[in-house]
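Undergrad: Line order of the protein sequences matches chains H and A. Per the numbering used here: the first sequence ends with 1335, consecutive numbering throughout. Per the numbering used here: the second sequence ends with 582, consecutive numbering throughout.
Source of the hints: derived by calculation from the structure; they are not laboratory data. Where hints are given, some of them may not hold.
Stated by the list, open to error - Across the chosen pairs, the derived CB separations fall in these ranges:
#1 T1268/H to D566/A: 25 to 31 Å
#2 V1242/H to S502/A: 42 to 48 Å
#3 G1217/H to D566/A: 33 to 39 Å
#4 R472/A to R1219/H: 52 to 58 Å
Everything numeric in this text was worked out from a predicted model, so none of it was measured. No residue lacks a Cβ here, since even glycine has one placed at the ideal position from N, Cα and C.
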Amino acid sequence: MATVPGGPTATVTLPTSEEILITREFAAPRHLVYRAWTTPALVRRWWGGDRGEVTSVEIDLRVGGRWRHVMVAADGSEAAFHGDYREIVPGERIVCTEVFESRPHAQALTTVTFTESGGHTTVAIRVRYGSQQDRDAHSGYMPDGLQEAMDLLEQAAISLLTGAPGRAGEHPARASWPGAQE
Amino acid sequence: MVAAMARAATTTDVFNAVAEPRRRQIIDLLGDGEQTVTDLVRLLGLAQPQVSKHLRVLREVGAVDARDDGRRRLYRLNGAALKPIHDWVKHYERLWSGRFEVLDAVLEELKQEEGDGDGAGRPDGDGDAPDQ
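Extracted from the complex, chain A is given alone in its bound form (with noise of 0.2 Å):
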């Protein structure tokens, strides 16, 4: 088998990666620890032609590592190509985690205004969209 990587891939390649919910899955059992292929087709309940091409792409990507342990070969997660997803998705996640803290502030006072005199609350502020 002629292995040819061409160039390092690039984030977007390893997001291409795991975006595919399968390929999801075997990062998710590969956190638990090292695994063969066996194992992971039967963890899957995938055929193994399909569990190796899965694993090939994370390999690919570097996102996956294979060692030969005697007759076996596992496979392991490779954190560091991973790191560049987690930062991403972190990173969005914070950001409207932070909006939606002050959302549900600003969605308390809305509810008291409601709850206070006849439902129809305040007047917005600069009067652009008048209330439904």
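Pulled out of the complex, with its shape left as it was, chain H reads as follows (with noise of 0.2 Å):
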């Protein structure tokens, strides 16, 4: 299966320190993008990114209903993650708590939003956590496999940072900062 190459990028900033917004256009009308969200088959297509293959996805949908994702990652190691739903507006809006199974303590409140506008539909995920304690442990899940060397901060950081769109994947040339080597 081909994935379709040059697609939109994903915008991640933080609104304020406990919360984390990421936003996404879609080349594909609401209802879809909608069903993709919330249909078992089809979320355990996706949801496993390039970080690992999704063995188990359960979704109750409805208020009060539990959901839960569980992923293995090449080496092996698996991340569960679970919560129940909140608020659901059907193809509009999903409200749900989700806690990473290896911090069960920070838990965050998750809010999804689907808006279409000529065909595309973008989606808005607000994660808020209790505090930000709780949010660095929630991003704890990132395994350490994934570090890379970074010896200067990008200036791409600063776009993430500062709200303007980002560049994901992209390796702009290295920004020389007063103090950045030390």
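Quick one: dock chain against chain with the hints and give me the complex.
TA: Written as structure tokens, this is what we have:
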């Protein structure tokens, strides 16, 4: 299955110190994006991204219903997430809790909205943590194997922090910042 | 002025310092090079006490350093302190970008299925969620 080349970039920003906001536009109508987001057989195909294979998807799509996804990385390590649905507006909005099972005390509240315009759909994922500690604990999922050697802050990082559109995958020329070598 | 750093700034302190929009603007401006407070006041259109306050917070978490050059005090970014945020945001962005790329392909298939036949599409695999 070929992936669509040159897809739009995802924008990740930190609206507040407890929140992450991810937005991305898809070249598909809203009802299809929502279906792909809420149908276990479809979620199983994309939720692992390039990190691993999804081995289990449970979705009980109703207020009070539970969801749980499990992914296995190339090194065999398993990452499981679960939560319950708090609010559902079919086709438009899903609010649910999210727990990374290796860090069960750090719970997040995730709001996903689907907005269509001209046949394209913008998905906005807002993840809110109870505290900054929770946010950092949640991010501890990132496997050590993905640590890259980064000895300078790239200009792209600043774009992400200030909310300007980022360029996923680009490697801009080294910015020589004062103090960056220290 | 007594500068009391009771403990080293944690990653969460740096996140908190940087998450504030005005401070992010300051970081953005310092990315182009050193600036004085006067420069920043002019570029941001903020009153000096506010700019100084933001700079103090950024210095406390080590995101920004200052040096004196004759009569001027110049502020600059400390790339090393901002690295944890960069790493974190970048990992998160890459995780989701990877998912979205595969989702693009899944959506292309769904669009094509909808384009064929009567638009009802194939039944979904597990039968958990009935078509809307």
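Undergrad: For the hint 52 to 58 Å, verify it against the beta carbon of R472/A and that of R1219/H.
TA: violated, 41 Å
Undergrad: Look at the Cβ atoms of G1217/H and D566/A and judge whether their distance stays inside 33 to 39 Å.
TA: holds, 37 Å
Undergrad: Is 25 to 31 Å respected by the C-beta to C-beta distance linking T1268/H and D566/A?
TA: This hint holds: roughly 27 Å between Cβ atoms.
Undergrad: Mind checking the hinted window 42 to 48 Å against the Cβ distance between V1242/H and S502/A?
TA: holds, 45 Å
The structure fails to meet hint 4 from the earlier list, while all remaining hints are met.
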